[in-house]
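Novice: We have chain F already, so just place chain A on it with the hints.
Protein chains: 2
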Amino acid sequence: MNASEPSHYDLETDVLVVGYGCAGAAAAFEAASAGAEVLVLDKAGGPGGASALSGGEIYLGGGTPIQRACGFDDSPEQMAAFLRAALGPGADEQKIALYSAHSVDHFHWLVERGVPFKPSLWDSPTWVPPTDDGLMWLGENSWPFAELAAPAPRGHRPTAQDFGGKLLMDVLVSAAESAGVTAQYDTAVTDLIAAENGSAVGVRARRYGQELTVRARRGIILTTGGFVDNDQMLAAHAPRLLGHTKVSAGTDDGSGIRMAQAIGAAVRHMSTGQVGVSLVPGFAARGLVVNGRGQRFVTEDTYPGRIGQAALFRQDMDIWVILDEQAYEEVPEPQRWGVQPTHVAETPDELGALLGLPAGALEATLARYNEFAAGGTDPDFHKSSRWLRPLTPPLAAIDIKAGVRPPGQTTARRGTGASVFTLGGLHTTVDGEVLHLDGTPIPGLYAAGRASAGLHGEGYISGTSLGDGTYFGRRAGAAATATDRLSVPIIGTGH
Amino acid sequence: MNASEPSHYDLETDVLVVGYGCAGAAAAFEAASAGAEVLVLDKAGGPGGASALSGGEIYLGGGTPIQRACGFDDSPEQMAAFLRAALGPGADEQKIALYSAHSVDHFHWLVERGVPFKPSLWDSPTWVPPTDDGLMWLGENSWPFAELAAPAPRGHRPTAQDFGGKLLMDVLVSAAESAGVTAQYDTAVTDLIAAENGSAVGVRARRYGQELTVRARRGIILTTGGFVDNDQMLAAHAPRLLGHTKVSAGTDDGSGIRMAQAIGAAVRHMSTGQVGVSLVPGFAARGLVVNGRGQRFVTEDTYPGRIGQAALFRQDMDIWVILDEQAYEEVPEPQRWGVQPTHVAETPDELGALLGLPAGALEATLARYNEFAAGGTDPDFHKSSRWLRPLTPPLAAIDIKAGVRPPGQTTARRGTGASVFTLGGLHTTVDGEVLHLDGTPIPGLYAAGRASAGLHGEGYISGTSLGDGTYFGRRAGAAATATDRLSVPIIGTGH
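Residue numbers (my numbering), protein chains in the order written: chain F, 1 to 495; chain A, 1 to 495.
Same shape as in the complex, but just chain F (with noise of 0.2 Å):
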């Protein structure tokens, strides 16, 4: 590789942080506060990625002042169990231990740093509060997970307008900026280059056509955000995410595991996704979601994104929302996002045959479900009692392909009704050290957020990104930093 290596480098900085998103704002923070020189490279024009395009919500718990304001108990012991659960199979464990004993102390930094959350719960299930509240379950408290871990709502959101994503990044960038990092746009890395012995010890990148090389002294992070822009990389490890209205900010291409890939580095879970769906978790816990056969395949007051999960990888998004009227009535409008019946019958037999299911099967499911939520039991999905009642016709269906477009989420394609980004990425430490396929940690090379894999399985629970992207982003930009690799010969240097 060192045939590849230029006689001469056009800037040098301590850290370079490759993409400034939430990961890559987190990294080169803790870095610039820990004495280095921080050099932030990104594609776009801007600081922000699909960070800032996001809901905010940040996955913690364990016992966060929101959390206790609210009244709940919480352990890291608990934290750790739903996210195994939740994230798995595949998911890392380590990292969960450490991500779930470190979470109070996370959310005091992220407080520090600006980040404001309002302690009062949202409590129904919702892609984002409609409110300004602070705090939303996001699946413990809907089965199977209270039975696998001590429920307690656990997704925190800044304080927002609208979207907490914006807010986030603006703190983030703002706070790195203080701490002294610097930052250029419209730059693409390209290529890593990588030393005799393996090690990363620069990049090429392109900026308005020109070739561009940075030398790192101590460590390039990729904080480069997955690959759901990258129709040729989902063909080939995700193809069931292809065709779907892709979450991000349009530069979620795969650059940073690619070229990490092509120095040696090791990726994990490439076919996994999240998947948001056009529906309204509203509708769906008072009333039925059904696949295309008309039976119900999940507990319908859960994280919604696990609905959609379900729906993507399980029921190839053949996938119905049924309601009554009161169903409908219950939820204010504000919270309906203007979603409205896309068919409606006086009997069940007659909305099944509109929605093209099988003769049956709907009166079928629904005489099941209403004969025992009648009784204030789901002995199939285990819906909370709270969300039981018999569904009464005349009886609406929403087609969940319509694509509508709750708060919280991208707009849903027309026709498919999801909006997905990618889970997998580079196999890393606990401290951001990309893996080498040999096992061992590239020197020099680390990557937090979506780049890397990180808690992730196949599972996802709403935060996790922004939760593990500014944690693992810290803890990467702490490792790199402590990282003297002053001494590694390079050769011929410009500067």
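These are computed hints drawn from the structure, not numbers from a lab. Keep in mind the model is a prediction, meaning the values are calculated, not measured. Don't take every hint at face value.
[To be verified] Covered by chain A, according to a simulated footprint, are these stretches of chain F (three or more residues, beta-carbon under 8 Å):
| no. | stretch |
| --- | --- |
| 1 | 88–99 |
| 2 | 236–244 |
| 3 | 256–267 |
| 4 | 335–343 |
Ideal Cβ positions, reconstructed from N, Cα and C, are used throughout, including at glycine.
Specialist: Chain A alone, transformed into the frame defined by chain F:
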């Protein structure tokens, strides 16, 4: 990488084949037949690999003599249409088109090598025919495939006493030897040696603790199998396959995939797997297959491996087969393979309670099935009317997790009921060239069989592994031989 090139090679050949299963044998034969000096290395004590332990089915069609003798018309187009649907999402359409177009030729190639096929059809769903019939259905006549492509049976099975895989490998290895191929065993290839220009020029291997280097003048063909024997790779890429019985000869450790990745090779679909389950297809076709909520979820008369994939990837292996006495008795005793009901009860509710299903769920499913079966229809899963008949109590259930052993399957481990192997692997062209992460072929490096992703996306049909292994193995052998790389400068060979 040239830093690691040796100053001396212990052996030298035109074409080096790593792994002596069906793909390796086919590749070696073609290369030797085209005039190349061919050396095969295998880490086992002899040839065969997982191929020799398999049922021997080869997926062939488009109008083979066996199909025609049994009265079936077929065409490459219909074969390709079936494979695109059955092996997707993510199936390799270009490979499928070629594989289907040349399938009759490939049949004749196999027959010319000495593989015997008997022109008679086994006409029920099965893993492997309990007879010596040479033709079998692999889901082509079941829903939804029968609606997507004109049904024709395409499972071709060598005439053999028990498993055809051993016979197939005996024939292929003998053909390779006759063509001049030499083989060395107990020799584990550990690394590829790449020249400065990135091309693969040789390998390092270990034999009885000694390192051995081999130079390949024309090409190296990796036919090392999948990675089901490597739990670390399963944990990283296919966590759902962990813990089940491994279908392999114990050497599917992913070594070929990893050594190619170490010089930049790309992979595809690493999360996917074939899932054999402890299920007697004759019972399933005549009965119901239900999940842990007593719901049907798959067409019971399809290729049973499709039931297996649905069970593991969509139902967490929480599945049961439900029968009545007539269904049990209709399967001739030899075809029951010793499988007996694990639970019996006088009513569906009693049986459901024994199985831990939700109250009333099995009764509801059975009532709906019986109502339509009496009229010869199955609006939910479109099982063929041939198998439709109302089931009459008393009823029996078979616990798939009990782990019985139908022929054609490795004994599934008691407690999981599944036996698995991996489908993902190296990204290859139709000529077996291994593609670099940058999308260009790595000069001198080829792969076939389960070291490559081959035809497959997420789906699997029996016979496509021996099928794509032999067919694309042949293409790789021919392509490697046709490449005159003798002019590539190689440093300091000792010969």
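Novice: Count residues of the stretch 236–244 of chain F with a Cβ under 8 Å from any Cβ of chain A, then say if the count reaches three.
Specialist: holds (count 5)
Novice: Can you confirm whether chain A covers the stretch 88–99 of chain F, using C-beta to C-beta distances below 8 Å and requiring at least three such residues?
Specialist: holds (count 3)
Novice: Take the stretch 256–267 of chain F, compare each residue's beta carbon with every beta carbon of chain A, and decide whether three or more fall closer than 8 Å.
Specialist: Satisfied; 6 residues make the cut.
Novice: Examine the stretch 335–343 of chain F: at least three residues should have C-beta closer than 8 Å to a C-beta of chain A.
Specialist: violated (count 0)
Hint 4 alone, counting from the list given before, is not met by this structure.
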